[in-house]
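Student: Here the protein sequences line up with chains L and X, keeping their order.
Under the numbering used here, think of the first position of the first sequence as 1, with each following residue one higher.
Under the numbering used here, think of the first position of the second sequence as 1, with each following residue one higher.
There could be a bad hint or two in this list.
[Claimed, not checked] If you want a taste of the chain X side facing chain L, the calculated C-beta under 10 Å gives, among others: (1) Phe16; (2) Arg17; (3) Lys21; (4) Leu32; (5) Met33; (6) Met80; (7) Asp120; (8) Ile122; (9) Ile126; (10) Tyr140; (11) Lys173.
Rather than coming from a laboratory, the hints here were simulated on the basis of the structure.
Built from N, CA and C at the ideal position, the CB exists for glycine as well.
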Amino acid sequence: MRPDNAHKRDVIDTLLDKSWENPPAHLERQLMAIPTQNAVTAIRPLDRITLFLNTILILWGVGLGMYFWVPLNHSLGSFAQGMLGFSTSSPQILAHPIVGIIVLTCLLFGLVWMDMEKPPGLTKA
Amino acid sequence: MINMIPRVQKEADLIFREIVKNHGDRIYNLALMKCNQVELAEDICQETFIRVHKGLKNFRDESQLGTWIYRIAINVCHTMIKKESRLSDNLIPLNDRPDLEPIEEHGDAGEIFLRAVQKDQIRQAISALPTLQSDAITLYYLKEFQYTEVADIMDIPLNTLKSHIRRAKAKLKLLLMEVYDETR
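Only chain L is shown next, with the shape it has when bound in the complex:
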C-alpha cells in the first residue's frame, strides 16, 4: 500500500499519486527467493561446465594457432630478413612453451573470471 506522508500537495503530487502501481504478485516471490539463489551460487564459485567448455575453446584456439603459426612465422622471418638484412627472430619468443603456458593460464583465468559473480559495487551516474 502506498505510504501517505504529509506533503504540500499540488497538481503533480495528485498525478503522481494516481500513477502508483502494485507490483505483480510473482515479483515478491522472486525477490524472496534471492537468498536461496545466492546461496546456491556461492557454493559453486567456479562453474564446472563453463570451465570445461572454455577449456575446449582454448584447446581449439591453440590448435588453430599452431596450424597457422608455421607459415606466419616463415613470412615474418623472411620479411624481417628482407627489411633488416637479418632475422630478428622476435616472434620466436611467442613460440616458447613457457610463454605459451603463461598466456593460456591468463586466458583461462580471464574467461573463468568473466563468468564469476562479482561483488556488488556502487557506480555513480
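Start from chain L and add chain X according to the hints.
Tutor: Below, chain X without anything else, positioned relative to chain L:
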C-alpha cells in the same frame, strides 16, 4: 526502516526479507517510473535486491541503509535502461502486456482503462525528463525520504535537488495538464 546490521548470513537473510517487504513496492515503482516498462522494471527490481542481498552482510553504517538501497536502485536503473535502450525495439509497452496479473481496481472497465492510459502518460512524461530531473522527481514521489536524504542518494547539493524537482514539476505540469484535467 530496518535498524539492524546483520552479523551472520542467516540474520542477513531475515533482514533481507524484511527489506523486500518494506521497500519492494517502492523500488518497483521507482523502476517503473524511470523506464515505463513492466518487464524491465521487474528486472531492475530483481537486480537491485540481488545486489542488496550480496552487500548486506558487509554493510556497517545502519543509518545509511535506506539511502544505500535506493542509491543501488538508481544506479541499476541507469545501467539497465541504457543497456535496454540499445534493444528498445524488443521492449513491450505497459499497455500491451496481456499476461499481467490483474490488479484490484474499482470502477467500471472504461474507468480502469482510462486510469491505465493516464498512468502510462504520466510515466512516459517522467521518463522523457532529463536524467537528474527524472531521478529527483521519482525519489521525491516515493515519499520515503526527506529532501536531504534524496540529495544524499543522488549525491548532489540540497539546493540543486530542489531546483531539479521544481523544474521537473514545471515540465510535468506542461506535459500533463491534459491528463490532469481528465482526472478531476
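Student: Each hint should be assessed against the structure and marked as holding or not.
Tutor: Against the structure, the hints come out as follows:
1. The beta carbon of phenylalanine 16(X) is positioned within 10 Å of a beta carbon in chain L (closest approach about 6 Å), and the interface hint is therefore held.
2. Here the hint on arginine 17(X) is kept, as its CB sits about 6 Å from the closest CB of chain L, short of 10 Å.
3. This hint holds: lysine 21(X) has a C-beta 8 Å from the nearest C-beta of chain L, less than the 10 Å allowed.
4. For leucine 32(X), the shortest C-beta to C-beta distance to chain L is roughly 6 Å, which falls under 10 Å, so the interface hint holds.
5. With 10 Å as the threshold, the beta carbon of methionine 33(X) comes within range of chain L, its nearest partner Cβ sitting at about 7 Å, so the hint holds.
6. The interface hint given for methionine 80(X) is violated, since its Cβ lies 12 Å from the closest Cβ of chain L, which is over the 10 Å cut-off.
7. Contact between aspartate 120(X) and chain L, as hinted, is supported at the beta carbon level, the nearest pair being about 9 Å apart and thus within 10 Å.
8. Interface hint status for isoleucine 122(X): upheld, as the beta-carbon distance to the closest one in chain L is roughly 4 Å, under 10 Å.
9. Residue-level restraint check for isoleucine 126(X) holds (minimum Cβ-Cβ distance to chain L is 8 Å; threshold 10 Å).
10. Interface restraint check for tyrosine 140(X): the shortest CB-CB distance to chain L comes to about 8 Å, inside 10 Å, so the restraint holds.
11. Interface restraint check for lysine 173(X): the shortest CB-CB distance to chain L comes to about 6 Å, inside 10 Å, so the restraint holds.
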